[in-house]
Amino acid sequence: MTLDVNTKAVVKNAYRITKHRGKTALRIRIPGGYLKAKHFDLLKEIAEVYGDGIVHLTTRQGFEISGIDYSSIPKVNSLINPLLQDLEIDIGVIIKDTSNGYPSAGTRNIAACIGNRVCPFANYNTTALAQRIEKEIYPNDYHVKVALTGCPNDCIKSRMNDFGIVGMVEPQYDYQRCIGCEACVKNCKSNVTGALSLHKGKVKRDARRCIGCGECILKCPTAAWTRNPVKFYDILIMGRTGKKNPRIAEEFIQWADEDVVIKVIKNTYRFIDEHIDKTLPKEHIGYIVDRTGYQVFRDKALEDIKLNPEARIAKNIQWGGFRYSSDVFMSDKLQ
Amino acid sequence: MGWKFTNTAFNDLFAGLTEDYIILAPKRFVNRGRFSDTDLIRYDEVKKSDDIIWKEKSTFSPKEAVFPVTQTLFYFTEEAFREPQPEEKQYLVFLRPCDINGIRRPDTINLKNGPEPDSYYANLRKRVRFVMIECTESFDNCFCVSMKSNITSDYDMAVRLTDDKVLLEIKNDDFLRYIRSDIPKIEFRPEFVLENKIKVNVPEVDEMPAGVYEHEMWNEYKSRCIACGRCNTTCVTCTCHTTNDIFYDDNSLAGERRRTWASCHVDGFTDMAGGISFRKDNGSRMRFKVLHKIYDYRKRFGEHMCVGCGRCDDNCPEYISYSGCINTLNKVIRETVS
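Read top to bottom, the protein sequences are chains A and B.
1 is the number of the first residue of the first sequence in our numbering; add one for each residue after it.
1 is the number of the first residue of the second sequence in our numbering; add one for each residue after it.
FYI, nobody ran anything at the bench for these hints, they're computed from the structure.
Don't take each hint at face value.
Distance windows between CB atoms, simulated [unchecked claim]:
#1 B:Asn219 to A:Thr193: 35 to 45 Å
#2 B:Pro84 to A:Gly321: 31 to 41 Å
#3 A:Lys186 to B:Arg224: 18 to 28 Å
#4 A:Thr193 to B:Arg177: 35 to 45 Å
#5 A:Thr193 to B:Thr243: 27 to 37 Å
#6 A:Lys244 to B:Asp51: 53 to 63 Å
#7 A:Lys19 to B:Asn219: 51 to 61 Å
#8 B:Pro317 to A:Ile95: 42 to 52 Å
#9 B:Ile186 to A:Phe40: 52 to 62 Å
#10 B:Lys48 to A:Thr292: 55 to 65 Å
#11 B:Lys165 to A:Ser99: 50 to 60 Å
#12 A:Thr193 to B:Glu335: 47 to 57 Å
Note that the Cβ used here is the ideal one computed from N, Cα and C, for glycine as well.
With the rest of the complex left out, here is chain A:
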């Protein structure tokens, strides 16, 4: 029988329309990139029995299993049930019908660096926050990319995402415990923003320059610098790749607490509801904000939110980025 495939339904089900007619590929969603090793058995089985034996590691920390027949989709969907259970339902995501695979694929997998479970630089547990955000925003058809990174090193490249959540720590200084060794000062100067300076054998911190990376705490040999136990986040918005205007995300709210992060992301979905161009098959959040302007986005994103007192909001954002339309710097020669 000739294949009769509803591509819209297939794509929403997290399967790709591939270049090979008759073959699809399944994207496994792994919030925060946190996967128990036991699931490899299942991935291997699906790839070898129903796919072409290959598992591709996606840029968003998922797995893409290719070479699957469209006719195998129901069978594969039933097989991935343990993944849905463990990676989605058990962390609080509501999926009504667990036998039919992924309920949506628009909101992409939440990627995260390994975070403070392992990394000494990370300022928070990126896995836990990824799972909390996943619970709040998935399943959803809107095309939104969220990435979480433990510190401003930004190993996950969260600045290429619609939302980059960067861990910040407020270093708190105990004047009496400081020996003026300058380990923090030298490091901040050479590796970070130079927010620290030595003054009469002790250290001064320029709060406006401090980006909350926490390296001073790591370097301090006397625990004169310690962590404020309250965790803070830098919310970066509207970075993207793409064919029109790739750009890095810019700071929206510095020193936000975790509840603010969650509420801003949830409000963003309401903003999309109000402003998305419904005549298009899909529209990325960043381009919607380009149309409405930052201020309209900001007001909606902050609606009904009580900001923590430490939070600082961007008055304006001027995204730069690259514009393919501009060829003034290119030579005249065309192929």
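Using the hints, position chain B against chain A.
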């Protein structure tokens, strides 16, 4: 003489003690550790026994009680100077045998090294009393037995903690008045750890063979050591400090003389007038420290400086093992001598 307390009764004892003493003990600072979601354990004031961390080694040593990281010696104006007024209360420090033996080193350096005792140290030190925490099991990296610092009798009280009771020995009768009459008396003598997992062979030589100073064993530390100074700041026996006169920003005619810990591993330790400095590479800093801890000091004062608390090894971010270095040194010396 000993007493047996319930945990509640022992907390009550603290209520009485805190009237006259500032009690210093290992305390947990939740989520204030170096890494995110880790705790810091260091000495600080506690108000009740439940605040004391009994079962983990503190990152920093109790020497902070007698030798603060930063100490203002006196304040000065144009025509006068004045020492800060001491606390009215005395200090009661809860610490393990190695640390009690450890504080004897700052005592020696500050009180017996030279014709005059250091009065600033002496004034603080004479107001410090010890409560020994019984320690019968080693933590990781402990080698107190090798350094003969596992046993002490230099304490006013000693305490043993079990799951449901606290045993207290009182050697100084001044403390008897804090014991409620309903607390049962028992026989209690604290025990001491007699064996560690880590054993260190300390070279016992009267004169260090000259070849040791230039030996290649120090070379690996040139690149491995990052000169952060944690081995010094966590050490119970390091006493090096630097003294500065600070002139206040708002009035440069007033200020204070202050001393602050220094570290022989950190840049600037040997800086002298004329831009001279010594031990520029970190390998020679390691050599200097190690030989001071287990050779120079003993030559002068008759016992090793190091007490084997192992905090340097606990805290080195580069996993440099000081105890391992001593064992290597011991081998090198044997080879050099033979």
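Practice task
Check each numbered hint from earlier against the structure, then list the numbers of those it violates in ascending order.
Solution key: 2 and 4
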